Amino acid sequence: MPQLLLELFSEEIPARMQAGAARDLERMAREHLAAAGFLPEALKTFAGPRRLTLVVEGLPVAQADRKEELKGPRVGAPPQALEGFLRKAGLKEDQLVERDGVWMAFIDKTGRPTTEIIAEMVEAIIRGFPWPKSMTWGTSKLRWVRPLKRILCVFDREVVPFAVEGIEAGDVTEGHRFMRVGYGWGGQPLKARDFDEYAKGLAEHFVVLDVEERKSRILEGCKTLCFARNLELVEDLGLLEEVAGLAEWPTPVLGDMDPAFLDLPGEVIRTSMRTHQKYFAVRDPATGGLAPHFITIANVQSADGGAVIAQGNAKVLSSRLSDARFFWDEDVKVGFEPWLDKLNGVTFHAKLGTMAQRVERIIALAGEIAPLVGADPEKAKEAARLAKADLASQMVGEFPELQGLMGGYYARAAGMDPEIADAIRDHYKPQGPSDAVPTAPLSVVVALADKLDTLVGFFAIGEKPTGSKDPYALRRAALGVVRILLEKGVRFDRKVEDASGGVWFESFDLLTGRTLARLKGKPSEDGKAFPEEVADRAALLAGGAQLGLGAFINDRLKVILKEQGFRHDIIDAVLGDWGGAELSVNVARVEALDGFLKTDDGKNLLAGYKRASNILKAEEKKGWKGEGERVLLDDASAPEVQLHDALRLVEPALKTALEAEDFTAAMRELAGLRGPVDAFLDGVFVNSDVPAERDNRLKTLAAVRDAMGRVADFSLIGG
Amino acid sequence: MPSAKRDKPKSFQDLILTLHDYWSAQGCVILQPHDVEVGAGTLHPATVLRALGPKPWNAAYVQPSRRPGDGRYGENPNRLQHYYQYQVILKPNPPNMQDLYLGSLEAIGLDLRTHDIRFVEDDWENPTVGAWGLGWEVWCDGMEVSQYTYFQQVGGLDVSPVAGELTYGLERLAMYVFGVDNVYDLPFNDPDAPLGHLTYGDVFLENERQQSEANFHGYDVAVLKGQFEDMERQVPLMLARSYQGKSLVLPAYDMVLKASHLFNLMNARGAIAVAERASYIGRIRDLCKMCASAWVEQQEAA
Numbered sequence: 001m002p003q004l005l006l007e008l009f010s011e012e013i014p015a016r017m018q019a020g021a022a023r024d025l026e027r028m029a030r031e032h033l034a035a036a037g038f039l040p041e042a043l044k045t046f047a048g049p050r051r052l053t054l055v056v057e058g059l060p061v062a063q064a065d066r067k068e069e070l071k072g073p074r075v076g077a078p079p080q081a082l083e084g085f086l087r088k089a090g091l092k093e094d095q096l097v098e099r100d101g102v103w104m105a106f107i108d109k110t111g112r113p114t115t116e117i118i119a120e121m122v123e124a125i126i127r128g129f130p131w132p133k134s135m136t137w138g139t140s141k142l143r144w145v146r147p148l149k150r151i152l153c154v155f156d157r158e159v160v161p162f163a164v165e166g167i168e169a170g171d172v173t174e175g176h177r178f179m180r181v182g183y184g185w186g187g188q189p190l191k192a193r194d195f196d197e198y199a200k201g202l203a204e205h206f207v208v209l210d211v212e213e214r215k216s217r218i219l220e221g222c223k224t225l226c227f228a229r230n231l232e233l234v235e236d237l238g239l240l241e242e243v244a245g246l247a248e249w250p251t252p253v254l255g256d257m258d259p260a261f262l263d264l265p266g267e268v269i270r271t272s273m274r275t276h277q278k279y280f281a282v283r284d285p286a287t288g289g290l291a292p293h294f295i296t297i298a299n300v301q302s303a304d305g306g307a308v309i310a311q312g313n314a315k316v317l318s319s320r321l322s323d324a325r326f327f328w329d330e331d332v333k334v335g336f337e338p339w340l341d342k343l344n345g346v347t348f349h350a351k352l353g354t355m356a357q358r359v360e361r362i363i364a365l366a367g368e369i370a371p372l373v374g375a376d377p378e379k380a381k382e383a384a385r386l387a388k389a390d391l392a393s394q395m396v397g398e399f400p401e402l403q404g405l406m407g408g409y410y411a412r413a414a415g416m417d418p419e420i421a422d423a424i425r426d427h428y429k430p431q432g433p434s435d436a437v438p439t440a441p442l443s444v445v446v447a448l449a450d451k452l453d454t455l456v457g458f459f460a461i462g463e464k465p466t467g468s469k470d471p472y473a474l475r476r477a478a479l480g481v482v483r484i485l486l487e488k489g490v491r492f493d494r495k496v497e498d499a500s501g502g503v504w505f506e507s508f509d510l511l512t513g514r515t516l517a518r519l520k521g522k523p524s525e526d527g528k529a530f531p532e533e534v535a536d537r538a539a540l541l542a543g544g545a546q547l548g549l550g551a552f553i554n555d556r557l558k559v560i561l562k563e564q565g566f567r568h569d570i571i572d573a574v575l576g577d578w579g580g581a582e583l584s585v586n587v588a589r590v591e592a593l594d595g596f597l598k599t600d601d602g603k604n605l606l607a608g609y610k611r612a613s614n615i616l617k618a619e620e621k622k623g624w625k626g627e628g629e630r631v632l633l634d635d636a637s638a639p640e641v642q643l644h645d646a647l648r649l650v651e652p653a654l655k656t657a658l659e660a661e662d663f664t665a666a667m668r669e670l671a672g673l674r675g676p677v678d679a680f681l682d683g684v685f686v687n688s689d690v691p692a693e694r695d696n697r698l699k700t701l702a703a704v705r706d707a708m709g710r711v712a713d714f715s716l717i718g719g
Numbered sequence: 001m002p003s004a005k006r007d008k009p010k011s012f013q014d015l016i017l018t019l020h021d022y023w024s025a026q027g028c029v030i031l032q033p034h035d036v037e038v039g040a041g042t043l044h045p046a047t048v049l050r051a052l053g054p055k056p057w058n059a060a061y062v063q064p065s066r067r068p069g070d071g072r073y074g075e076n077p078n079r080l081q082h083y084y085q086y087q088v089i090l091k092p093n094p095p096n097m098q099d100l101y102l103g104s105l106e107a108i109g110l111d112l113r114t115h116d117i118r119f120v121e122d123d124w125e126n127p128t129v130g131a132w133g134l135g136w137e138v139w140c141d142g143m144e145v146s147q148y149t150y151f152q153q154v155g156g157l158d159v160s161p162v163a164g165e166l167t168y169g170l171e172r173l174a175m176y177v178f179g180v181d182n183v184y185d186l187p188f189n190d191p192d193a194p195l196g197h198l199t200y201g202d203v204f205l206e207n208e209r210q211q212s213e214a215n216f217h218g219y220d221v222a223v224l225k226g227q228f229e230d231m232e233r234q235v236p237l238m239l240a241r242s243y244q245g246k247s248l249v250l251p252a253y254d255m256v257l258k259a260s261h262l263f264n265l266m267n268a269r270g271a272i273a274v275a276e277r278a279s280y281i282g283r284i285r286d287l288c289k290m291c292a293s294a295w296v297e298q299q300e301a302a
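Going down the list, the sequences are from chains A and B. Under this note's numbering, the first residue of the first sequence is numbered 1, with each subsequent residue one higher. Under this note's numbering, the first residue of the second sequence is numbered 1, with each subsequent residue one higher.
The hints are all genuine.
Cross-link-like lysine-lysine pairs, in silico, BS3-like; alpha carbons within 30 Å at most:
{"no.": "1", "chain 1": "B", "residue 1": "K289", "chain 2": "B", "residue 2": "K55"}
{"no.": "2", "chain 1": "A", "residue 1": "K315", "chain 2": "B", "residue 2": "K10"}
{"no.": "3", "chain 1": "A", "residue 1": "K610", "chain 2": "A", "residue 2": "K558"}
{"no.": "4", "chain 1": "B", "residue 1": "K55", "chain 2": "A", "residue 2": "K141"}
{"no.": "5", "chain 1": "B", "residue 1": "K289", "chain 2": "A", "residue 2": "K141"}
{"no.": "6", "chain 1": "A", "residue 1": "K562", "chain 2": "A", "residue 2": "K598"}
{"no.": "7", "chain 1": "A", "residue 1": "K699", "chain 2": "A", "residue 2": "K603"}
{"no.": "8", "chain 1": "A", "residue 1": "K655", "chain 2": "A", "residue 2": "K598"}
{"no.": "9", "chain 1": "A", "residue 1": "K149", "chain 2": "B", "residue 2": "K55"}
{"no.": "10", "chain 1": "B", "residue 1": "K289", "chain 2": "A", "residue 2": "K133"}
{"no.": "11", "chain 1": "B", "residue 1": "K8", "chain 2": "A", "residue 2": "K315"}
{"no.": "12", "chain 1": "A", "residue 1": "K133", "chain 2": "A", "residue 2": "K149"}
{"no.": "13", "chain 1": "B", "residue 1": "K55", "chain 2": "A", "residue 2": "K133"}
{"no.": "14", "chain 1": "B", "residue 1": "K225", "chain 2": "A", "residue 2": "K342"}
Simulated from the structure, these hints should not be mistaken for laboratory data. Computed from a predicted model, the values in this text were never measured in an experiment.
Let's have the full structure, built from the sequences with the hints guiding it.
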């Protein structure tokens, strides 16, 4: 069946927009074709520096003829209504058909030629294309990402005749901007009537159409260059994506860097190469360190093998790295204290004060978290005080992504305690799912303090993430908190002794409550000391709980557990809305419950639980309250005695196990109930005519429900 | 492709003359610099004002540009507080503007199949004159040699028809073309000139030294502030006066440029607090918008 080929040829499309444009083109084409009743056999799009391409296989030459059914007014409706309907349908009264008391019109619609539909579709796509930013040019009213130059549109090897704002569709496109067959430079026009001709023509005119092919060409080229010089490419997927959108004929060129720059931190060199120049860095496999070279991805394959290009780029890199060296030297001269002063003038968020105020809060939090992690509180406070200073340094001003890292380097250069330097360096970690959590206790403290202040602050001013909107990356911060707590086994519910010998039980809500209080400048005037009286603590606790941050963190934990393959109902049964901050404990509960429910005992006990709770629910609805103690009646049947005894054994043992947070033991205790529960449910008639018997049997079932409820909410678990 | 009439340039001034020849041949009027201090070639009335309104306009000129804060006393090989921009403004932008631009690079001696020329996304914005546009920075072997912009708005008004703007950083481009690492070593005129040869440093080094000192320490902040406020007061007065039925928008715009330069001087003196910055820029933008609106009115009436 016939094929449609469309190319929208323009001036250079920003690299970052190309992948999205290919997706949008595919989506819009699919929608338009489906609306016309077409189901193409295949549809593919391509995006590159100067072109968007669509190829659709297997379209008919025309739409199928079809019958359209129109529903009209009721039979006997006023004449005006009928007249209106006839006008709309373009029919006479005797052509209508009566169905269920309603006039129906059946209209034969002849299918339209596909070319007409394509012409309309392309115009609609061009005019409605969702570019993130678009523009007009010259005297044209059209909007596109950059000036649109040509439309190639052929169907079944024929040009589809139409024009959009004076740009006529044709069968001509252009090759590479500079490279051409023969002498000189400049795009050569080439004709294509179908995709094979098109792809072949482009390849002959130095254009690699498919972005995946451009990427592999770049990677292979880089590796060949590296191999020849015994170097190793520092792979960078984000950069690869970008440079693949900047060249139609990507050609890696290896250039030299002055080895004197290698005394700069490797991250600085790499960042300068990547952000300013879009170069790949290379390593020396012998040392693992950066080698004094770089690879740039040129758009042309030049006759001199890229010598001029390599030389020019090397010069630019030198001046960039000279700037970086200048920043380093200046920064080392200035140092932390003047930077901290500068943070007074930097707004963190209009409602959350300056960066310096935020640092004060992080210091206080670090002091509180340190004992929970086994770190020295004074050292932790000092690390927290210095952690944000590098934001005022010149290097971080130039390369914001080096925050923390530069602080660590500068702290070492200033001869500070290496543990503090590491905490400064690592406190932003983990920055994403693939980033490791900090390991050193001091780093853990500052990392937690930083993230908790962010979370509490933005929750306090009502900036919670909604749907896909999370401008302050709060989900990432919460996920970071969860991962650190789990991987480092940090718990908030510890007994803490403060400097003055006071002792209190820490909790997550209490910690967030105090952070919140600091944010509001309360409860103390100077914002530094926090009263430890019970009454105030209760208020702080309530404030922390009210934030809803616990539930937010709980949700992140649920996400992590789901990713680990646990069933959502098991997770919910343990975590509920807010399982408390003791994440590692909850994880152990989920693991134990998951294991238990895979055993026969677990499955049967769950079934027993469901039967018991159904009976109880029905009775509770009727008004049964279960007041008074459960007893063993004199004439109790064997199953009653058995379950009664089992509960008497299990209840205290369960309590002990739960207090010891030994959930496997707790499950083992529950397993001991399975036989007696089964026997009870099978052999005992609960709704006895004797009220005392009925009441006591229900109490027995309620005792089973309660015991199990202490482990998890079994009612949430599916059968 | 349009072919270059001249040989490959041998000096800084030759580079300028080559560009003049080239753009003149395309039909641009070759203007001389505007005689008020500006921070960039864009601010010349030949760009800011002429970009607005319905009339076609094609012009090219060199504009000395002053960035007081960039002064380095002549000690930095790349940074200057006074440098030259080559500016081309084409309204409406011709459909082959990219090719015309590339032709200009060829004219100054760049072989487009040996060098790696790239159009890298860069959306230009100048908040002081309420202007923005889409385009690219143009890279030659990894170095930014030009800024290429399709103006979408100037003075807060839509630019229609669209004007295309090209800005070449002349010193940087010359250093690249002549393979010179220090701007002061650039040949200002032909090294083989019969009457003698001067470098860029011979012409401008002393100027950089004295102006740097003046920018950072010399100017009296109170005087600058007073002058800024004088200019600010003058603009609406000038716009209120008219001659032959037209308000005096051209002199008024000169006052805006002076205010803008005075702001840059105060900034270099460290006299503008971070919090004040935005408000100063807003004040200049408001003045510029007044001029832009008055200008468009006159253009459309004509």
